[in-house]
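Q: Here's the letter readout for the chains.
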Amino acid sequence: MSAAESSDESLLARYRSGDGSAFEILYARHRQGLYRFLLGLSGKAELAEEVYQDTWLSLIRSTSQPQGRANFRTWLYQIARNRLIDHWRKHGIHNPLHDSYDEQAHAVIDNTADPEQLLSLSRDGQRLETALQNLPADQREVFLLRAHGELDLPQIATLTETPLETVKSRLRYAQQKLRRLLAEEVLT
Amino acid sequence: MTDARPTPEDEMAKHFREHAAVEPPAHLDSFILAAAQREVPVRRPSLWQRWVQACQKPRWQVAFASLVGVALMLALVQRSPEQTPGYDFAPKASAPQAKKEFAEPPAAAARSFAAPAPVAPMADFAAPARSESLNAEMAEEAKVSKRAAAPVKSLDEQLREVLRLQKSGHQQAADKLLADLHKRYPDENLTSKLKELKKN
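For the record, the sequence lines run as chains F and B.
Quick note: the first sequence uses my numbering, first residue 73, plus one each step.
Quick note: the second sequence uses my numbering, first residue 23, plus one each step.
Hint data in this document are derived by calculation from the structure and do not stem from the laboratory.
One thing to keep in mind: the hints can contain errors.
Said to hold, decoys possible - Calculated pairs, DSS-like style, for lysine-lysine (alpha carbon to alpha carbon, straight line, at most 25 Å):
1. Lys36(B) / Lys240(F)
2. Lys198(B) / Lys220(B)
3. Lys79(B) / Lys36(B)
4. Lys198(B) / Lys217(B)
5. Lys36(B) / Lys116(F)
6. Lys205(B) / Lys220(B)
Keep in mind that this is a model prediction, so the values were computed, not measured.
Just chain B, with the same shape it has in the complex:
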């Protein structure tokens, strides 16, 4: 327990405190205070402030931008397309066909030149224009159409394809192909040829 009353010892201590004349020299005061101001510890910024500062530095900006770029690329690459449009640039079967056509006799060749250009390459190039949102039936029809529009060797073969489509129940595709043939071969009596082929 501390006695609050001043003891003679405390009086002596107080006497010395009050009457001691010495003071630290002024030059020491100014030196120490100047040192303290010069060496004030740097205030540590908060986590958020450090984050903002980092974002303002160019090297971090580049790093963050790269990171975002990579993330976007990954997101795009990993996204599975619903319907990938077909780009059949190479007419696979048409090359031999072309060779054959050039090898045909002049009469056949003339007929070929007179006739409109084969529809197959055009159909292939038109493929990307097809809607991606085709339903299953439409997709099947498109496949059939594509198959029907595949490179043809002759009018007879295309008519056989029409018959084949009709037999297999793809009436719509068969009609479309037949309509195309009517356009391309307006001088031909396709109906009679079709009947002949049916008989055979």
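Bound conformation, chain F alone:
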């Protein structure tokens, strides 16, 4: 198996045993997803950059490995999430992820499940970002972990310490709202 096809875990192990090139492959795989996750969750480029840098540096300097059933990807996003929450706590900023949002109360009937209509969604990056920021924080987090972290629902449930059913409903409501917001943007 070539280095490019190696698993994240074996690349991390190779880096820890002194192979510097293994880190470059690992970084190239996850740089974009992690940054987009942090930017989407924090909503501030400066803060996202700071946490992004802290996350990678702690991984470089740490000797720990993903524990238990966690794979590298889950572990990486867990570190980043914890760092962001630490930052909010340190600066006395209210953690929006702790807000309990009543999805049922804010649910809007969604009639745009037709894939054909997805083609009319806005592709403008700025509009996508704005739509994301309109989501409640807990829904946004689940959606970002799914979209940019490419984690499956049980992994998201473990990472956010949330019941699987809650994760599913948050993701569903997030998708519905995004579809509505982006479609509206296109239509107006």
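Position chain B against the provided structure of chain F, taking the given hints into account.
A: Frame of chain F, contents of chain B only:
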């Protein structure tokens, strides 16, 4: 069971993945990659490599050399010698003898000076040359010879020693001692003296 077909949720996630325009800044990329290269964990050498490296360090070389030296010394000290050669440098009984000889009357002294040097010290110094691989009989003979070659006070006493050796069955030693006496006292009739002593 996971459904392989893409759901509308997956389509939305894919849409965001494909059209989100943001990227980590280039300066962050280079900073993180540089940090990773700078702090690459040092490769841990194997046990054998560590051993070789330790052997290359002077302080360990000294330590190992000292250890080997001590081991060699212990091995040498603990090895029991088969036959320790005797080094009788001090002629124990010869000192009083010398005093006596100097105290003797001039005639006796002259006789002593005329005679060849006593064989005892020479025999003692010659002892180390003896072979270590003597068998028991040879060792016994050597002991007897040594005893026979011990410092003598006079010719008579040495002849008595010859008689004693003959009586005790050490004929070879007795003959050797007698031959030595013949060499040292060529003017003396040792055979007759020996007969006289036998009679007495």
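Q: Under the constraints set out in the numbered hints, which ones does this structure not fulfil?
A: Result: hint 3 breaks, nothing else.
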